[in-house]
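Colleague: Join the two chains into one complex using the hints; note that each chain is given alone, in its own frame.
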Amino acid sequence: MADETRQNEVARYAAAVRAELSDLAMPEREALLEDLEDHLAEVVAESELPLASRLGTPEAYAAELRAAYGAGLRTTGGRFPRIHRLVGAAAAQVHGWSSVQAVREYLPELRPAWWVLRAYLVVLVLAVILRGDQDIHPIPNPFTSGGVVEIIAMAVAVVFSIRLGRWASRRQGAESWPLRAGNAVVALGGLIAVGSMSTLPGWVGTPSSPGGMPDAFAAGPISNIYPYTRDGKPLDGVLLYDQDGRPVTVVANGNGLITQYPTAADGQPITNEYPLSQTTVDGSKAMPPRVAIPPVSPTPSPSPSPGASPSGNH
Amino acid sequence: MQSLADSSQLLKGVLDLAVLAVLADHDSYGYDVVRRLRETGLSEVGDASVYGTLRRLYQAGALNSYVVPSDEGPHRKYYGLNERGRKALSESTRTWSALTAALNQLLDGGSTKNGR
Chain U
1 MADETRQNEV
11 ARYAAAVRAE
21 LSDLAMPERE
31 ALLEDLEDHL
41 AEVVAESELP
51 LASRLGTPEA
61 YAAELRAAYG
71 AGLRTTGGRF
81 PRIHRLVGAA
91 AAQVHGWSSV
101 QAVREYLPEL
111 RPAWWVLRAY
121 LVVLVLAVIL
131 RGDQDIHPIP
141 NPFTSGGVVE
151 IIAMAVAVVF
161 SIRLGRWASR
171 RQGAESWPLR
181 AGNAVVALGG
191 LIAVGSMSTL
201 PGWVGTPSSP
211 GGMPDAFAAG
221 PISNIYPYTR
231 DGKPLDGVLL
241 YDQDGRPVTV
251 VANGNGLITQ
261 YPTAADGQPI
271 TNEYPLSQTT
281 VDGSKAMPPR
291 VAIPPVSPTP
301 SPSPSPGASP
311 SGNH
Chain C
1 MQSLADSSQL
11 LKGVLDLAVL
21 AVLADHDSYG
31 YDVVRRLRET
41 GLSEVGDASV
51 YGTLRRLYQA
61 GALNSYVVPS
71 DEGPHRKYYG
81 LNERGRKALS
91 ESTRTWSALT
101 AALNQLLDGG
111 STKNGR
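Residue numbers (our numbering), protein chains in the order written: chain U, 1 to 314; chain C, 1 to 116.
Don't take every hint at face value.
[Claimed, not checked] Restraint ranges, calculated between C-beta atoms of paired labels, are given here:
no. : chain 1 : residue 1 : chain 2 : residue 2 : range
1   : C       : Leu103    : U       : Met26     : 37 to 47 angstroms
2   : C       : His75     : U       : Ile129    : 24 to 34 angstroms
3   : C       : Glu83     : U       : Glu37     : 26 to 36 angstroms
[What the hints assert, rightly or not] Take a look, some chain U residues computed to stay more than 12 angstroms from chain C by CB distance:
no. : residue
4   : Gly56
5   : Val186
6   : Ser284
Think of the hints as simulated: they come from the structure by calculation, not from any bench.
Quantities reported herein were computed from a predicted structural model and do not represent experimental measurements.
Glycine is no exception: its CB is placed at the ideal position from the N, C-alpha and C atoms.
Looking at chain C on its own, in the form it has when it is part of the complex (with noise of 0.2 angstroms):
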């Protein structure tokens, strides 16, 4: 029996929102994604979750791709936010505010109801 106030059930709904942020500062490769989001204090977002989600972003076309050869320690696979993926970013980020906002204000204490 899972907990509703189980984060890493949140995180998955706005992962993909966090991944294309993460990405819209620079380019990065997979393993960098998961460092940025942890330093962000996203601790609880699983590595493979990140992965699999920076594969989906590449396949429905919102990312690109590009390897960067290394000489120590292995190649890596960068991915960038395209038009695509800035479009997806700005949409996600106008839904999220909007939803906060709401959610906010719920949270509250029922402001809005006693104030109508």
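Okay, chain U solo, but in the shape it has when bound (with noise of 0.2 angstroms):
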């Protein structure tokens, strides 16, 4: 217990002094304050008292700390120092929470975990901007013409970003500004990307149907409907309605099948009449799928009612 608000008074002191020298360009400053931590870790266990008994405000020390650095400290340049300092100074508030610090301390363990994210966020990025149409979908996807390249592509891309994660952690928190935006528009885009994935796998696009309607009640997409009668008679010309009324209709133009609806007598395309005339670009009728009808018992089972109980037991 004691030893946990020790802690949290080396965290807050610590905190004050980066928040006062925050006003330093990166590399410098982290070299600067390389050995606050362990400093104050030294003073803690050395003496019951106060840190700032010991060793003077927080603002004292980061001053003292200045000058004995000397020459040679850039700043980073900007216009308003002041601004820098006070938002500086809530950073170092917040960092300051034990909560956060927790975070902060395994965070770095993950650091790997997001090189491989990253570039994969990459590759989707650019297969999207690549391939310009509405149908994003998560990648590598081996049953499409372009699954090859874009596994290709994700090792090259994993590989580049780790080694680029390895020569940065190398340079000791001295991550380039051009790499830190990079990370950012890279984590925003694949944000976007994923985030407007119409066909997760095991989902049924929605957005693009003609009705607007969900149809998620399979597998993969619904890209058409035959009907059959129970004894096996595929059926022509079945018009569908779900339990609202509305036309049920199916993601129809997917797989490069083109679909040909009849025109009601409004003029308007009927949506829903199953199995929809579908042909493939190269203008062949798409075929009915092989379907197994189960078998009929051979003896039709009435439902049985109270008034004609086959046991006549009365």
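Modeller: Dropping the structure here:
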């Protein structure tokens, strides 16, 4: 308990010192503050007295550190050093919270995961941009023409991203701002691309279906419906409606199929008459699938009614 | 208004030399340097001044540094003199000796002036 309050004291003091020096440019600031926590820990270990009574205020400590380090300190060159310091102080306040401290401790371990994710997002964003159509789907998708290319691009991007990450972390927190800006762009672009995916695996796309109707009742996108009678006769011109009387529609133009909707007397296309008449891109008619009709039981079993009990035991 | 006799002001000028001299003895980590300077009698030297000086000497290439993990307490970053540091120390020592010799003479009541 006492240990924890001392740790918090160190965190608070360190955060305040960092805030005072937040106007310094990055590599110098990190270099200057590298030993800070170690130093404070030593002082705390040595004496029960509060840090400030031994070292002076964080502001004084920062000023002394700055003076001793002396010339050669670059500032960030911001035009508003005062604002910079205020923002720094606010950030320091947040960093001082113990929960934030805990997260900051394990965050660096997640870096390699970010490198891989970053590579994936870059390829995803590039794929979306290069394909330029509405159909954003998860990659790599080996069943599309670009699948192999996507896999190769992914491998190359992952290797490159990891090398970039290792190089940057070897330079000890001196990640240059172009790299940071790049990271931000990739994260944002990836977020947008993932967010606008309409066909996640196991889902049926909804936004582009003609009736705007959700038709998510299957493992893959439904592009046509073939009704059969119970004894296996294919039906034609079946109109389907849902429980609310809305026409049931499907994602009719997936898989390279072109659908010709019949036209009603009022000139409107009938989008729920099944099976849909579809042709492939080369003009040939789409063949109905082979289906397995469940065998018909030889004796029709009428639903038992209380009045006609087969046992007849009265 | 700071007094001219403020010893911390005087110390600032020679802190580099003091830190180099401490490290010439043996490699040491920041807080140990602070402690050894205090033990020598430089009680006014501020912790942050020592740490800032160490960092500056390190950045200037006069020191090498390595981390020594420890089971109890924090990991410690040790500093030691490298070739450049030893050279800086011997040069500064010469300058310091010359300076103190001259100052001592001055402070001894202007014997040089009278002797001429």
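Colleague: Hint by hint, which ones does the structure fall short of?
Modeller: 2 and 4
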